[in-house]
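**Student:** Full structure from sequences and hints, please.
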Amino acid sequence: MSMLSKFLTGMSFRSTTPTFEAGEEIEVYVTEFDEESGELVAQVGETRLYFENGEADIVGCRVLATVESFDDAEHRGRVTHRKTLSQGSF
Amino acid sequence: MSDTDSGDGTEIEEISGPNVEAIEFYGGRWMSVIPIALFILWAIVQSGLFGIGDTTGLVAGMLVALIVGMFFAKGDWKNYANTIFDGMTKRVAATAVVAWLWAGMFSNTLQAGGFVGGLVWAANAANVGGALFPAATFILAALFTTGIGTGYGAAVAFSALFFPAGILLGANPVLLFGAILSGAVFGDNLAPVSDTTIVSAVTQDADIGGVVASRFKYAVIAAVLALAAYIFAGNAMAGLDISQQAQDLFVQNSEPAGLLHLISMLVVIVTAVMGRHIVEAISWGLIVAVVFNVVFDLAPLSDVLLFKVPETSAAASWAGSLPIAEVVAPQNAGVTGSIYNGAAGFFPLIVLVLLIVAGSEIMIRGGGFEAIQEWLLENVATGVRKAETTMVVGTALVNSMITINTAAEIAIAPYIARIGQRYNINSYRRANILDANTSALGYIFPWGGGVLIGFATLQGLPEQYEWFTSAMIVNPVQVWPYVFHGWFLFGVFLLSALTGFGLEYTTDRKSKDVTRL
Numbered sequence: 001m002s003m004l005s006k007f008l009t010g011m012s013f014r015s016t017t018p019t020f021e022a023g024e025e026i027e028v029y030v031t032e033f034d035e036e037s038g039e040l041v042a043q044v045g046e047t048r049l050y051f052e053n054g055e056a057d058i059v060g061c062r063v064l065a066t067v068e069s070f071d072d073a074e075h076r077g078r079v080t081h082r083k084t085l086s087q088g089s090f
Numbered sequence: 091m092s093d094t095d096s097g098d099g100t101e102i103e104e105i106s107g108p109n110v111e112a113i114e115f116y117g118g119r120w121m122s123v124i125p126i127a128l129f130i131l132w133a134i135v136q137s138g139l140f141g142i143g144d145t146t147g148l149v150a151g152m153l154v155a156l157i158v159g160m161f162f163a164k165g166d167w168k169n170y171a172n173t174i175f176d177g178m179t180k181r182v183a184a185t186a187v188v189a190w191l192w193a194g195m196f197s198n199t200l201q202a203g204g205f206v207g208g209l210v211w212a213a214n215a216a217n218v219g220g221a222l223f224p225a226a227t228f229i230l231a232a233l234f235t236t237g238i239g240t241g242y243g244a245a246v247a248f249s250a251l252f253f254p255a256g257i258l259l260g261a262n263p264v265l266l267f268g269a270i271l272s273g274a275v276f277g278d279n280l281a282p283v284s285d286t287t288i289v290s291a292v293t294q295d296a297d298i299g300g301v302v303a304s305r306f307k308y309a310v311i312a313a314v315l316a317l318a319a320y321i322f323a324g325n326a327m328a329g330l331d332i333s334q335q336a337q338d339l340f341v342q343n344s345e346p347a348g349l350l351h352l353i354s355m356l357v358v359i360v361t362a363v364m365g366r367h368i369v370e371a372i373s374w375g376l377i378v379a380v381v382f383n384v385v386f387d388l389a390p391l392s393d394v395l396l397f398k399v400p401e402t403s404a405a406a407s408w409a410g411s412l413p414i415a416e417v418v419a420p421q422n423a424g425v426t427g428s429i430y431n432g433a434a435g436f437f438p439l440i441v442l443v444l445l446i447v448a449g450s451e452i453m454i455r456g457g458g459f460e461a462i463q464e465w466l467l468e469n470v471a472t473g474v475r476k477a478e479t480t481m482v483v484g485t486a487l488v489n490s491m492i493t494i495n496t497a498a499e500i501a502i503a504p505y506i507a508r509i510g511q512r513y514n515i516n517s518y519r520r521a522n523i524l525d526a527n528t529s530a531l532g533y534i535f536p537w538g539g540g541v542l543i544g545f546a547t548l549q550g551l552p553e554q555y556e557w558f559t560s561a562m563i564v565n566p567v568q569v570w571p572y573v574f575h576g577w578f579l580f581g582v583f584l585l586s587a588l589t590g591f592g593l594e595y596t597t598d599r600k601s602k603d604v605t606r607l
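Sequence lines, in order, name chains R and F. Taking the working numbering, the leading residue of the first sequence gets 1, the next gets one more, and so forth. Taking the working numbering, the leading residue of the second sequence gets 91, the next gets one more, and so forth.
Bear in mind the hints are in silico, worked out from the structure with no lab data behind them. Since this is a predicted model, take the numbers as computed values, not measurements. Backbone N, C-alpha and C define an ideal beta-carbon position, used for all residues, glycine too. One thing to keep in mind: the hints can contain errors.
Said to hold, decoys possible - Ranges between beta-carbon positions, derived for each pair:
hint : chain 1 : residue 1 : chain 2 : residue 2 : range
1    : F       : 184       : R       : 72        : 40 to 48 Å
2    : F       : 468       : R       : 17        : 17 to 25 Å
3    : R       : 22        : F       : 584       : 31 to 39 Å
4    : F       : 461       : R       : 12        : 43 to 51 Å
Stated by the list, open to error - Below 27 Å or equal to it, Euclidean Cα-Cα: the simulated DSS-like pairs (lysine-lysine) are:
hint : chain 1 : residue 1 : chain 2 : residue 2
5    : F       : 168       : F       : 600
6    : F       : 600       : F       : 476
7    : F       : 180       : F       : 476
8    : F       : 168       : R       : 6
9    : F       : 164       : R       : 83
10   : F       : 180       : F       : 168
11   : F       : 307       : F       : 476
12   : R       : 6         : F       : 307
13   : F       : 180       : F       : 164
14   : F       : 307       : R       : 83
To be verified - One-sided and incomplete, this derived list gives chain R residues near chain F with beta-carbon spacing under 8 Å:
hint : residue
15   : 2
16   : 3
17   : 6
18   : 7
19   : 10
20   : 11
21   : 15
22   : 18
23   : 19
24   : 26
25   : 28
26   : 29
27   : 42
28   : 44
29   : 69
**Tutor:** Encoded structure:
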């Protein structure tokens, strides 16, 4: 990332429901374990990404994941957990 | 960390961490908030009610609060005591400590080199009149604070030098004081060496260079609006009719060579934004500042570091010939200079941050942190817009109660991290919300630490200048509507939270490793 782009990134109005492409590799915080579906969830804004694998003890951790599929209309996606990177600061 | 196979074909790194044994409290998990709640109460009484801006006093408050909390812990108190150690040794506290020590040395060395004098000279050379003086003061105070990183230091330096000069030139006193405080807000928010910048970055897992670059857009929008407001108000609000000695006062404080430290300041900003470790960036800035001080005769080496050798010392016969030593009476022995004083100035704050993080750790292991967080997420921060608005208003509220802004920032930081991470709000954005509102609210209300420090300095002016009367001192109650940059910065973030301007998600871009600061 160039120095200029460090200053200019984010100069826009952002949606509450970001979209993703299948095959995209993302870093994301795992936000909850959905009791109903029994799946791990990463909520990005109001978009929900469901994990196809991973243990419940990674809730709150920053992980590397691959987007497997994404539904633009429902703002829902399925991701695969690749690697746990870190815990949050607190 | 080591990689382990999760059994499902993916590679999961084992998360290592401290022993996280839970603490049970009499009365349930909410009672674990006692140490932090008592500290906040102490801080409100000490700084807000009594008007005492003593950081070491807050250290005493946190110590008492930790002891009181122990009596509510069930079972063996060893677990409670060990949690204090675990909290104090967390990396989030240690990184802030390191950065503060470096920032303190740098800012003190800039001040020793006459940076304020250089800015006074620039205002004089530009022939700024009374109507434009508040606007010029805002720009120069912002520049100065961005260089030295401490808004409190800027409030003192500018109240002592710019305020009387501005009064003599016919600027409105209330507006002038507001402009000084606005400049302090700007620099406290943006400077890579600012204590609040460091805390905001470290607690939100972000690198300082990236944080500074990403918050530039918000700071500039608010600053442009504030500058326009000072130009307009400067023309609309009349000053006092005192014009004699104006030139004399300016000449006395004009040291153009001090402007050379703009380069020292830029060295730190540019190297930090380029992604160099903040310790390295400030070290380079410090080296440049020391070289400039000596080479351009801004300050002798003894102002940077001085050993006061007692005459009873065996080395007294030759030590006096060194540029960084002087022989003194035994009772005056010690070490001084900008490196020493700059680092030492942060000692109380360092102890305070260690203890507050310890109190937070007790709240986390006792379940109180989770209880508050659950309540916020279920009742207030129920969507990303509401979450961001909660973060903006919550930070502003805590900072309007605890007048020492860094302490307030540390107290609210864990909630900003957790609420933000719940919606995967980018670490830069979280750090920006945290710092902007901390910087803004700490300099607006009459009980704010920055306001009180400036006010205390103004009170000393009648003793310094024969023409300066007590009636010229601005009461803190008068100034709060005129801290334009603070209000605009708060407004920019409130609108940003409500509209999504500047919002970035964790998935949009990565911060550099937090260990780089």
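**Student:** Work down the list of hints and note, for each, if the structure agrees.
**Tutor:** Hints, one by one, checked against the model:
Between residue 184 of chain F and residue 72 of chain R the Cβ separation comes to about 44 Å, which falls inside the hinted range of 40 to 48 Å. Restraint check, residue 468 of chain F to residue 17 of chain R: a C-beta distance of roughly 21 Å satisfies the suggested window 17 to 25 Å. Taking 31 to 39 Å as the suggested C-beta distance range, the pair residue 22 of chain R and residue 584 of chain F conforms, at roughly 37 Å. Separated by about 37 Å at the C-beta atoms, residue 461 of chain F and residue 12 of chain R break the suggested range of 43 to 51 Å.
For the suggested pair residue 168 of chain F and residue 600 of chain F, the alpha carbons sit about 40 Å apart, so the restraint of at most 27 Å is broken. Using a Cα cut-off of 27 Å, the hinted pair residue 600 of chain F and residue 476 of chain F holds, with the two alpha carbons roughly 24 Å apart. A C-alpha spacing of about 30 Å is found between residue 180 of chain F and residue 476 of chain F, which places the hinted pair above 27 Å, so the restraint is violated. At roughly 47 Å between alpha-carbon atoms, residue 168 of chain F and residue 6 of chain R are farther apart than 27 Å, so this suggested pair is violated.
With a C-alpha separation of about 38 Å, the suggested pairing of residue 164 of chain F with residue 83 of chain R is violated against the 27 Å cut-off. For the proposed pair residue 180 of chain F and residue 168 of chain F, the alpha carbon gap of about 19 Å is at most 27 Å, so the pair holds. A hinted pair counts as satisfied when its Cα atoms are at most 27 Å apart, and residue 307 of chain F with residue 476 of chain F qualifies at roughly 22 Å. For the hint linking residue 6 of chain R to residue 307 of chain F, the alpha-carbon distance of about 10 Å falls within 27 Å, and the restraint holds.
For the proposed pair residue 180 of chain F and residue 164 of chain F, the alpha carbon gap of about 24 Å is at most 27 Å, so the pair holds. For the given pair, residue 307 of chain F sits about 34 Å from residue 83 of chain R by alpha-carbon distance, which is inconsistent with the 27 Å threshold. About 11 Å separates the beta-carbon of residue 2 of chain R from the nearest beta-carbon of chain F, more than 8 Å, and the hint is not met. Proximity of residue 3 of chain R to chain F holds as hinted, the smallest CB-CB distance being about 6 Å (cut-off 8 Å).
A least Cβ separation of about 4 Å between residue 6 of chain R and chain F falls short of the 8 Å threshold, and the interface hint therefore holds. This hint holds: residue 7 of chain R has a C-beta 5 Å from the nearest C-beta of chain F, less than the 8 Å allowed. With 8 Å as the threshold, the beta carbon of residue 10 of chain R comes within range of chain F, its nearest partner Cβ sitting at about 5 Å, so the hint holds. A cut of 8 Å between beta carbons decides the hint on residue 11 of chain R: the least distance to chain F is about 6 Å, and the hint holds.
Restraint check, residue 15 of chain R versus chain F: the minimum CB separation of about 7 Å is within 8 Å; hint holds. At a threshold of 8 Å, the smallest CB-CB gap from residue 18 of chain R to chain F is about 6 Å, leaving the interface hint in force. The closest approach between the C-beta of residue 19 of chain R and any C-beta of chain F is roughly 10 Å, which is over the 8 Å cut-off, so the hint fails. A least Cβ separation of about 4 Å between residue 26 of chain R and chain F falls short of the 8 Å threshold, and the interface hint therefore holds.
Because the smallest distance between the Cβ of residue 28 of chain R and any Cβ of chain F comes to about 6 Å, under 8 Å, the interface hint for this residue holds. Given the 8 Å rule on beta carbons, the hint for residue 29 of chain R holds: about 4 Å separates it from the nearest Cβ of chain F. The beta carbon of residue 42 of chain R is positioned within 8 Å of a beta carbon in chain F (closest approach about 6 Å), and the interface hint is therefore held. At its closest, the beta carbon of residue 44 of chain R sits 4 Å from a beta carbon of chain F; the interface hint therefore holds under the 8 Å criterion.
Using the Cβ-Cβ criterion of 8 Å, the hint placing residue 69 of chain R at the interface with chain F is not satisfied: the shortest such distance is roughly 16 Å.
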